[in-house]
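Please take these sequences and the hints and turn them into a complete structure.
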Amino acid sequence: MIGWTTLLLLMSAATPILFAALGEAIAERSGVLNLGVEGMMITGALAGFAAAHATGSPLAGFVAGAAAGAAISLIFGVLTQYLLTNQVATGLALTMFGLGLTAMFGRPYEGVKAPSMPGGPLGVNWAIWLGLALVPVTWFVLNRTRRGLILRGVGENHDAAHALGYKVRLVRLTAIAIGGALAGIGGAYVSIATVLQWTEGMTAGAGWIALAIVVFAGWSPWGVLAGAWLFGGVAVLQLRLQAAGVAVPVQLLSMAPYLATIIVLVIISARQKYRGRGSAAPGSLGRPFHATR
Amino acid sequence: MCNGRNRLTCQKHDGDGVTTAELFRAEGLSKTYPGVRANDDVSFCVAAGEIHALLGENGAGKSTLVKTIYGLIRPDAGQMRLGGAPHAPADPHAARAAGVGMVFQHFSLFDALTVAENIALGMDAPPRRADLSRRIAQVSAAYGLPLNPARRIESLSAGERQRVEIVRCLLGNPRLLIMDEPTSVLTPQEAEILFATLRQLAAQGTAILYISHKLDEIRTHCDRATILRQGRVVSTVNPRDHSARELAAMMVGAEMRLVDRSGRQAGEVVLTVAGLTSAPASEGTSLQDVGFQVRSGEILGIGGVAGNGQEELIAALSGETTGRPGTVMLDGGDLSAQGPEPRRRAGLLAAPEDRLGHAAVPEMSLTENAILTGATRQQLQKRGVIDHRAARCFAETIIADFDVRTPGPATAAGALSGGNLQKFVIGREILQNPRALVVNQPTWGVDAGAAAAIRQALLDLAGRGAAVVVISQDLDELLELSDRFAALNNGRLSAPVATEGLTLEQIGLMLGGAHGMEVAHVAA
Amino acid sequence: MLQLEPRAATPWWLAIASPLMAVVATMVAGGALFALMGFDPVASIRTIFWDPLFGPASGYSRPQLLVKAGPLILIASGLAIGFRAGIWNIGAEGQYIIGGICGAAVALAAYPAEGAWIFPAMVLAGAAGGWAWGMIPATLRNWTGASEILVSLMLVYVAQRVAAWMAFGPMRSPEGFGMPGSRNLQHYPSAANPELAAGTGAHWGVIAAGLAVLATWFLMSRHIRGFRIRVAGMAPRAARFAGVRPETLVAFCLGLSGALAGMAGLFEVSGPGGQITDSFGSGYGFTAIIVAFLGRLHPLGILLAGLLLALTYIGGELAQLMLQLPAATVQVFQGMLLFFLLGFDTLTRYRLRWRAAK
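Residue numbers (full-length UniProt numbering), protein chains in the order written: chain A, 1 to 293; chain B, 1 to 524; chain C, 1 to 358.
Honestly, the hints are just simulated from the structure, not real lab data. Ideal Cβ positions, reconstructed from N, Cα and C, are used throughout, including at glycine.
Which residues of chain C face chain B? A few of them, derived with a C-beta cut under 7 Å, are: (1) Val-231; (2) Met-234; (3) Ala-238; (4) Phe-241.
Residues from chain B that keep clear of chain C, each with C-beta distances beyond 12 Å, as calculated: (5) Ala-21; (6) Ala-85; (7) Pro-127; (8) Asn-148; (9) His-242; (10) Arg-264; (11) Ser-336; (12) Leu-504.
Put into structure tokens, the structure is as follows:
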């Protein structure tokens with residue numbers, strides 16, 4: 001039986017991924033493959049927790065999480081857009097750096113409790129509402145506004161966008177920062193609203209799952225929502241099975257989200273490969289842009 | 001009006017003796033890149049209502065010049081004037097606002113976006129969606145350029161894509177329209193239709209700056225031609241007053257060397273291709289039942305507009321894609337299921353079109369690029385262990401025999417000019433003494449001297465008894481080289497016919513004619 | 001305005017200088033970070049980079065250098081080959097864990113028998129385990145086109161949970177008083193991977209790392225297969241044209257790097273680690289990615305880079321002990337090092353030029 005509480009749990013489990021994946025979808029639509037989502041999330045988780053703890057306000061925590069995520073994403077942005085470094089390697093570096101940095105500065109916060117999240121309409125906290133609202137907003141901005149059109153153009157063919165006079169690097173830097181801010185909010189949600197405390201490496205691969213969900217979603221915001229809820233469902237199912245005392249070791253049950261991610265990725269990739277449908281990936285995704293003569 | 005060092009007359013004389021005034025003028029434009037003077041003191045002017053050709057070889061500086069006018073490049077020195085006012089656009093937005101439109105050689109289109117979205121991206125203040133669609137429909141109708149605003153670019157043919165680019169420019173009401181090699185993707189019939197559109201625009205007062213290296217179309221359609229060589233203006237002439245030969249001499253700076261076709265004898269059948277059909281791919285054109293035979297000592301020319309299956313055909317012949325049994329046979333042996341290496345061992349060699357990244361690795365030295373395809377036939381490896389000395393030797397032989405201008409075999413391939421690298425690539429395959437050689441666009445983007453050398457080398461190879469297949473978009477080249485000609489259109493190959501006596505018009509029809517394009521309606 | 005201009009070829013000295021500059025920049029930035037946190041920057045840097053080798057306690061820490069460098073070099077040697085080809089195995093950590101488990105499984109199954117066959121069989125099992133774990137992303141990519149980056153990374157999390165399950169379940173030592181963790185293989189002579197010469201820290205894994213460096217050097221610079229791997233990384237279409245099947249290449253690179261990572265795991269579990277625990281993975285698989293880049297994907301460079309990063313591990317522990325620097329210092333250092341490396345690497349591909357605004 002899927003009751004209201006289960007749905008609530010599902011939405012709550014999906015929310016960090018939803019934020020992070022929406023942000024990554026925006027970055028990838030501009031042609032940037034940022035593998036540093038995990039690093040940006042964990043940075044947001046710590047910054048958000050620290051700010052919420054210091055001010056007693058979860059709202060301040062989310063703002064700080066967004067700011068920290070955006071700030072750290074700009075390291076990636078400058079390296080890949082201005083120094084033309086490899087996006088895969090730089091994204092990995094961002095993840096490693098974020099995990100290290102937060103492990104170092106997070107020590108004083110271990111064992112501290114977060115201020116409680118105020119409830120919202122229908123018992124759903126406003127961060128979940130915000131995440132849900134962002135889906136149509138992102139869709140609208142990407143598909144119905146001039147800025148969204150330029151962003152998609154840059155991601156689809158950066159040479160053409162440059163030839164028409166658009167500032168490819170600036171557009172991408174902006175998209176990277178938005179992606180960083182949303183990943184930071186996602187991370188902050190984990191520490192402030194789900195776990196309610198800070199532990200090292202607490203995002204536990206959520207950033208990587210968000211990356212997979214962007215592929216699953218075919219780079220569309222509505223697809224991201226579906227992917228995040230699917231992931232939330234798997235997470236809740238796993239918890240329910242654990243609580244019901246199913247005769248499977250807890251360690252094996254906890255593999256479920258990762259295995260589900262692989263399975264989803266495989267199904268989507270296979271569909272693109274064998275249905276003859278080309279991938280919906282932006283044409284310039286992951287390619288460095290260097291204005292030639 | 002025209003004063004200064006370069007006194008140029010800028011009047012276009014119409015039949016009825018009406019003169020129209022200068023619209024655009026460049027004075028002393030210079031642009032230097034490390035090692036290259038792309039533009040050197042370039043001055044010329046374009047009158048309103050004229051079709052003005054910019055003629056020059058690859059690397060003569062045409063692209064740099066028009067990108068300067070379009071605001072993509074800032075000149076190191078010199079000024080421009082447009083309609084009497086100084087023209088110094090900071091970026092393409094400013095150039096468009098001043099009335100300059102540009103149709104790019106490599107389309108600046110976005111494949112996954114719709115026609116309407118592409119057009120909106122080319123405008124600085126696009127109207128709302130519904131209004132935009134209506135205006136696209138208006139312009140399409142006025143100039144005979146039918147377009148469906150909702151279609152995605154990836155589903156359009158090359159000719160239709162160009163239409164999108166042109167409509168995008170026209171919606172900005174340009175005073176000066178720049179077209180960079182627009183007919184390289186069109187059949188002769190489609191090119192005629194394009195010129196009808198351009199005539200109509202010129203008649204309404206738009207100045208057209210037309211870049212090309214196709215001498216005949218410039219002589220037929222352009223009012224004046226400015227000829228560039230090595231970044232400098234050689235001369236501005238009325239192209240109708242000069243023969244193609246004279247124009248070529250001005251462009252190249254020397255008499256063109258003619259190739260020697262003598263001394264060849266067609267022998268036994270070497271290469272047989274039959275029923276070659278490639279799996280439908282999400283991108284590109286799939287081959288449909290392609291078949292032909294090439295004899296020893298014979299050159300088969302395969303013409304067609306790019307994107308009609310050329311890439312797929314050379315991949316199927318080089319072994320990058322394999323096929324059903326009996327589709328690719330060399331000297332009676334079936335190579336259909338074999339990859340590139342076994343095919344090379346058997347004597348079927350290939351040289352793909354793209355030098356940088358396909359036929360050669362730009363970051364690697366010429367020695368390493370010699371290993372790329374020569375490893376087996378030239379014994380540059382023994383049981384997998386590379387013999388670097390033998391490889392260097394082979395690279396040096398290619399460099400010497402094919403006059404590749406480079407400091408030495410340790411130079412990175414990417415550091416060579418297009419012509420020199422192409423000589424290296426073709427030389428690498430020819431020196432391996434192939435039974436059959438397939439080349440795609442052997443002289444694309446290559447200067448005239450290197451092109452002539454490459455064409456002669458292909459003829460000589462056939463003279464020694466090899467079977468040669470030349471795939472090219474350059475119809476003049478195919479007429480010059482090939483004994484028989486076949487056209488590749490939408491993945492299908494026409495039956496090969498003898499080249500002798502073929503006219504460009506017949507070839508154009510073989511290439512699919514006008515592909516359903518309409519002749520411009522005469523504007524009311 | 002400062003502009004980048006592509007170079008046709010990288011000068012040899014710059015190829016060596018760029019990682020060195022990155023190391024120096026990391027030390028400077030790291031020192032600044034320490035100063036911000038209220039530590040003496042000079043003392044901190046000296047404790048991390050100098051004292052383990054020449055300081056008062058170096059008698060203990062020096063052998064640790066090879067102990068830590070061995071697995072890093074072994075794993076990075078394999079990863080570098082894939083990175084050269086543009087195949088991104090970032091799941092070496094998972095292959096390391098599975099290799100360790102498979103090798104340990106052989107030992108635990110054979111226990112308490114003694115025999116000369118046991119250790120070689122464990123090495124084979126470790127390599128096979130890592131290979132199989134690496135072949136999962138390879139096979140999925142070849143069959144369905146799924147990104148090997150995401151799949152190999154997801155499999156790290158799966159492998160970590162397999163290790164935890166093993167430590168709590170099937171492999172739990174019957175003599176462990178209910179504590180999680182397998183038998184300690186160091187106490188099982190036929191399965192142990194001991195220090196080969198006292199005071200050096202060298203065990204079989206270090207020998208294997210040395211061999212791996214030699215073998216990958218031969219492959220990449222002398223063998224036609226290595227040549228084609230390099231071509232594939234620089235120009236995939238040229239590689240196809242030369243006769244490389246992309247599917248074979250993906251399987252070769254992921255399988256080989258998986259096997260080497262699996263062997264590293266086995267040498268660790270039978271040697272310095274001793275047992276499978278719920279936290280068996282120790283991050284070597286991720287650090288090895290940095291080692292591969294710092295060594296500019298060249299076997300000799302990887303050898304030196306492995307030693308340097310091993311030094312940061314030991315130095316980090318020492319600094320934690322002596323100066324109470326946080327344990328995560330090393331991780332921050334490694335992350336910064338990778339950033340600086342990538343940044344300075346730009347200099348090898350592009351020339352910096354000062355131009356008046358365009």
